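A.B. asks: Each chain is listed here by its residues.
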Amino acid sequence: MKVLLVEDDRELRALMQGSLALEGFTVRSAASLAEALALLAHDPPDLAIVDLGLPDGDGAELVARVRRTSAMPIVIVSARHIEAQKVALLDAGADDYLTKPFGVAELLARVRVALRHRGTALAPAVARHELDDLRIDLVARRVERAGVTLHLTPTEYALLARLTRSVGQVVTHRQLLADVWGAEFTEHVHYLRLYMGQLRAKIERDPAEPRHLLTETGVGYRLADR
Amino acid sequence: MEGRGTPDRSADWRRLAALAVALAAATAVDAALDPWVSHASQAMVYLLAVTLVAYRLPWNWSAGFAIAAVTAFNFFFVPPRYTLEVENHEYMIALATMLAVALVVSRLAASSRRDAERSRRDALRARQVQALAVELADAGAGDLLALGEAALRESFESVTVVAVEPAAPGASPSSGELIDALRCCTREAAVLGPGSPRWPGLDAWYVPLLAGGCALGAACLQTAHGPDVKLREHAQALCELIGQALARSQLAAAVRQAQAQSERERWRNLLLAGVSHDLRTPLAVIVGAASALQAQCERLPETERQRLLASILAEANHLARIADNTLQLVRLADRGTPLQRGWESIEEVVGAVLARVRDRDPARRIRSHIPSGLPLVRADAVLLAQALGNLPDSALEYSDGPIELAADAAAGGETLRVEVKDRGPGVDPGQLDALCEPFVRGDAVSGRGLGLGLAVCRAIADAHGGALSVRRRPGGGSAWRLSLPLEPAPSLGGAT
Numbered sequence: 001m002k003v004l005l006v007e008d009d010r011e012l013r014a015l016m017q018g019s020l021a022l023e024g025f026t027v028r029s030a031a032s033l034a035e036a037l038a039l040l041a042h043d044p045p046d047l048a049i050v051d052l053g054l055p056d057g058d059g060a061e062l063v064a065r066v067r068r069t070s071a072m073p074i075v076i077v078s079a080r081h082i083e084a085q086k087v088a089l090l091d092a093g094a095d096d097y098l099t100k101p102f103g104v105a106e107l108l109a110r111v112r113v114a115l116r117h118r119g120t121a122l123a124p125a126v127a128r129h130e131l132d133d134l135r136i137d138l139v140a141r142r143v144e145r146a147g148v149t150l151h152l153t154p155t156e157y158a159l160l161a162r163l164t165r166s167v168g169q170v171v172t173h174r175q176l177l178a179d180v181w182g183a184e185f186t187e188h189v190h191y192l193r194l195y196m197g198q199l200r201a202k203i204e205r206d207p208a209e210p211r212h213l214l215t216e217t218g219v220g221y222r223l224a225d226r
Numbered sequence: 001m002e003g004r005g006t007p008d009r010s011a012d013w014r015r016l017a018a019l020a021v022a023l024a025a026a027t028a029v030d031a032a033l034d035p036w037v038s039h040a041s042q043a044m045v046y047l048l049a050v051t052l053v054a055y056r057l058p059w060n061w062s063a064g065f066a067i068a069a070v071t072a073f074n075f076f077f078v079p080p081r082y083t084l085e086v087e088n089h090e091y092m093i094a095l096a097t098m099l100a101v102a103l104v105v106s107r108l109a110a111s112s113r114r115d116a117e118r119s120r121r122d123a124l125r126a127r128q129v130q131a132l133a134v135e136l137a138d139a140g141a142g143d144l145l146a147l148g149e150a151a152l153r154e155s156f157e158s159v160t161v162v163a164v165e166p167a168a169p170g171a172s173p174s175s176g177e178l179i180d181a182l183r184c185c186t187r188e189a190a191v192l193g194p195g196s197p198r199w200p201g202l203d204a205w206y207v208p209l210l211a212g213g214c215a216l217g218a219a220c221l222q223t224a225h226g227p228d229v230k231l232r233e234h235a236q237a238l239c240e241l242i243g244q245a246l247a248r249s250q251l252a253a254a255v256r257q258a259q260a261q262s263e264r265e266r267w268r269n270l271l272l273a274g275v276s277h278d279l280r281t282p283l284a285v286i287v288g289a290a291s292a293l294q295a296q297c298e299r300l301p302e303t304e305r306q307r308l309l310a311s312i313l314a315e316a317n318h319l320a321r322i323a324d325n326t327l328q329l330v331r332l333a334d335r336g337t338p339l340q341r342g343w344e345s346i347e348e349v350v351g352a353v354l355a356r357v358r359d360r361d362p363a364r365r366i367r368s369h370i371p372s373g374l375p376l377v378r379a380d381a382v383l384l385a386q387a388l389g390n391l392p393d394s395a396l397e398y399s400d401g402p403i404e405l406a407a408d409a410a411a412g413g414e415t416l417r418v419e420v421k422d423r424g425p426g427v428d429p430g431q432l433d434a435l436c437e438p439f440v441r442g443d444a445v446s447g448r449g450l451g452l453g454l455a456v457c458r459a460i461a462d463a464h465g466g467a468l469s470v471r472r473r474p475g476g477g478s479a480w481r482l483s484l485p486l487e488p489a490p491s492l493g494g495a496t
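Chains A and B, in that order, give the protein sequences. Taking the working numbering, I'd label the letters of the first sequence as residues 1 to 226. Taking the working numbering, I'd label the letters of the second sequence as residues 1 to 496.
In short, the hints are calculated from the structure, not lab data. Note that the structure is a prediction, hence the values are computed from the model and not measured. Don't be surprised by glycine CBs; every beta carbon is placed ideally from N, CA and C. Some hints could be false.
List of simulated lysine to any residue pairs, SDA-like, C-alpha gap at most 25 Å [claimed, not checked]:
| hint | chain 1 | residue 1 | chain 2 | residue 2 |
| --- | --- | --- | --- | --- |
| 1 | A | K100 | B | A289 |
| 2 | A | K100 | B | R360 |
| 3 | A | K100 | B | T281 |
| 4 | A | K100 | A | H117 |
| 5 | A | K100 | B | S276 |
| 6 | A | K100 | A | V27 |
| 7 | B | K230 | B | S158 |
| 8 | A | K100 | B | L279 |
| 9 | A | K100 | B | G274 |
| 10 | A | K100 | A | L22 |
| 11 | A | K100 | B | L327 |
| 12 | A | K202 | A | T153 |
| 13 | A | K100 | B | Q306 |
| 14 | A | K2 | A | L22 |
| 15 | B | K230 | B | Q130 |
| 16 | A | K202 | B | A355 |
| 17 | A | K100 | B | D334 |
| 18 | A | K100 | A | D9 |
| 19 | A | K100 | B | R358 |
| 20 | A | K100 | B | L313 |
| 21 | A | K100 | A | L115 |
| 22 | A | K100 | B | I322 |
| 23 | A | K100 | A | A88 |
| 24 | A | K100 | A | A21 |
| 25 | A | K202 | A | H151 |
| 26 | A | K202 | B | A409 |
| 27 | A | K100 | B | S291 |
| 28 | A | K100 | A | E23 |
| 29 | A | K202 | B | R364 |
| 30 | A | K2 | A | L33 |
| 31 | A | K100 | B | I312 |
| 32 | B | K230 | B | S196 |
| 33 | A | K100 | B | R356 |
| 34 | B | K230 | B | L124 |
Listing some non-contacts, in silico: residues in chain A with all C-beta distances to chain B over 12 Å [unchecked claim]:
| hint | residue |
| --- | --- |
| 35 | M1 |
| 36 | R13 |
| 37 | S19 |
| 38 | E23 |
| 39 | A34 |
| 40 | A41 |
Isolated chain A (complex conformation):
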C-alpha cells in the first residue's frame, strides 16, 4: 500500500511517516504542493494524507486536482476552528479528516477506514455492520439492538443506512441531507438534528453520550466502527 503524505512540518512529517511505515505502508512524503503534484504524477499512491496549510498553496487545490482523475482516498489534516474549510473539502471529495493535534492511533484508524472504503463506487458498499450490541444489515433491511429488532421510520432507516455505508468515516451534513432527503434539502440541517435525536433514542443506551452515532461538531456525523 502506497501512501502519499503531504505535510510541511518536518517533525510531524517524520513522525507520521515512521508510524505509517511501522504499519507496513510504503510512504512517500512531500513538503509542498508542487512536490506533491510531482509525486502524484510520477507514482500514483493508494491514499493521500494532505495538510491544508501548505507553503506554496492550499491543500484544497490538491484535492480538486486528484478528484478530477482518481477516486483515491484522501484524508485531510487541519487545525481546529476552520470547520467551514474542512466541510468544503469533504463535500468536494475528500474522504475524512484529522484535527491537529491527533494521536497516532487516530491517524492509523482513519487511514484504515479510508482504505477499506476505497472503490466503494464499484464494489458493493458496506452492507453489514456490527459493533457491541448493535447489528445493522442493509441487505435484510434490519437493525437490531441486543438481539431485538428496532422499528425505524423510513427516514430514520435511510439516515442510518447512509452512515452505515460510510461506517467509520465522517459524512457531512450536506451529504446526508442530499442523499437522504434530496439535493434541495441541503440547507435543512434542523431535519438532521431531529432525526438523529430520534435515531439515538432508539439505538443508543445513553443518547446524551452516544456510542455509535457520533457527532463531529460543525462538520457532520460518523457511525462508530470501533
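Please build the complex by placing chain B on the supplied structure of chain A, with the hints as guidance.
C.D. replies: Frame of chain A, contents of chain B only:
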C-alpha cells in the same frame, strides 16, 4: 421664509379705504363740533387722525394723508369755507405745522416698526441657532448635515450642504459648477458670493462649515433678497454650528477608535502574559518527563515509563486546550469573525463534549442528565461545544467528587439552560466577574487551570445573546449555568 411679503393690490385698497374713513370721521367730528369750538381745536382733531394714521402706515401713505387732512381742513372749515383759499396767514402756519407733525410721526413710527421687525427677526434667528445647536448636540454623526440643511432652509430658498471629508450622504450636488464653488469655499474657509470680497459676482452665497479655523465643508445658499449682511451673518452662525458639530463627531470617532485600539492592546498584553505563564507549567512537565525517558530509559521501571508517557500526553493535550481557548478569545474579542449559526441540538453538543472530556475523567465523575426532546438552539456549534467543554473542564480541575451536567428549557421555553454542578470550594455570584478575567483562577485552590476557560465560556455566551452565571450550592460546591435564548424552530416539511 422670513416675513416681508410683496405688497398686493387688495392691501392697497384697504389702506385707501381706511384713510378715506379716517378723513371722513375727522371731518364729521369737526362738523359736529363746529358751532362750539375754535378752528384751533378742529385742527387738533385732524392732527389726531394724522398721528394715528402715521403710526400705522408707511411714511409715504401718512404724508399723503397729512396733505389730504390739511386740504380737507382748509376746504371745510378755514374761511372762506368750501374754497381752497386761505384768508389768514395764521392758518398757513397751522397747516404747515400739521403737515410737518404728520411727517415726523410717520418717520418715527416707521423706524420704530423697523426696529421691532429687526429685533423680532434677530430673536427668531437666535432661536434657530439655539435650536440647531441643541439638535446637533443630540444627533448621530450621520444626521448632522441633514439637520443643518433643514435649519438653513428656514431662511433660504435653495440650500445645498456638503461635508468634504468624508464625503457624506445628503450631499447631492446638482452641477459641476456648484460642487467646484463648494470645494473652493471649503478650501479657502471664507464666504464667497454677493457682498463678500471674494467672487461677489456669484448668484448665491457659499458659506464654509467652519470649525477652529478650517472648513469641513460648505453650504450653497440662495436667497431672493440680495446682499443682506445680517442674513449672511446668520447663515455663517448656522454653518459654524454645523462645522463644529462635524468636528466634534469626527473627534469623538477618533477617540473611540483610539480607545478600542488601546483596549485591544491591553487585552493582547494580558493574553500574552497569561498564555506564556500558563504554558510554562505543562511545558516543564513535558520537558522533564521526556528528558527523563531519554536519559534514564533503561533504568526506569516499565510502570514509571508509562506514567511519564501518560503525563506527556496529558500535558500536551492541556497545551492544545490553552491554544484553542486563546485563539477563540482573541477572535471573539475582535468581533471580526461572524458566528456560524445553525440549528443545534444540545444533546448532540453535550455528547461531543463528553466524548472529549472523558479522557480526563477516568473515574467517570461527570454524570449527564439531558432530557430528550429539548428544543434546538440557534448557535455556532463549534463555539457552543467549546463553551460547554470548558465548564466540566474547570469543574474537573477545581473539584473532587461527582459533577452533574444537566440541561433544561426554562422561562416558558424562551431560554435553554445548561448547568454544571460541582462539589468544589464554591463560588459566589459576585466572584464571577473576576474569574472571567483571563488567567484569573480560583484562589484557595492549588492547581492550575484553564486560566481562560471561564473567560471564553462567558464570551461565547455573550456572543449568542446568552449569559454565564454561577451560584453556591447548598451542601457545598458551585452550580455554573450557561443560558441561551431560544428562537422558534423551523417546521419540518419532510416525511418521517
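A.B. asks: Could you run down the list of hints and mark each one as holding or not?
C.D. replies: Hints and how they fare:
no.	hint	in the structure
1	K100/A / A289/B	holds, 22 Å
2	K100/A / R360/B	holds, 18 Å
3	K100/A / T281/B	holds, 21 Å
4	K100/A / H117/A	holds, 23 Å
5	K100/A / S276/B	holds, 21 Å
6	K100/A / V27/A	holds, 20 Å
7	K230/B / S158/B	holds, 18 Å
8	K100/A / L279/B	holds, 18 Å
9	K100/A / G274/B	holds, 23 Å
10	K100/A / L22/A	holds, 21 Å
11	K100/A / L327/B	holds, 14 Å
12	K202/A / T153/A	holds, 11 Å
13	K100/A / Q306/B	holds, 23 Å
14	K2/A / L22/A	holds, 13 Å
15	K230/B / Q130/B	holds, 17 Å
16	K202/A / A355/B	holds, 20 Å
17	K100/A / D334/B	holds, 24 Å
18	K100/A / D9/A	holds, 12 Å
19	K100/A / R358/B	holds, 19 Å
20	K100/A / L313/B	holds, 14 Å
21	K100/A / L115/A	holds, 21 Å
22	K100/A / I322/B	holds, 14 Å
23	K100/A / A88/A	holds, 18 Å
24	K100/A / A21/A	holds, 20 Å
25	K202/A / H151/A	holds, 8 Å
26	K202/A / A409/B	holds, 23 Å
27	K100/A / S291/B	holds, 24 Å
28	K100/A / E23/A	holds, 21 Å
29	K202/A / R364/B	holds, 24 Å
30	K2/A / L33/A	holds, 18 Å
31	K100/A / I312/B	holds, 16 Å
32	K230/B / S196/B	holds, 13 Å
33	K100/A / R356/B	holds, 14 Å
34	K230/B / L124/B	holds, 12 Å
35	M1	holds, 28 Å
36	R13	holds, 18 Å
37	S19	holds, 15 Å
38	E23	holds, 20 Å
39	A34	holds, 29 Å
40	A41	holds, 36 Å
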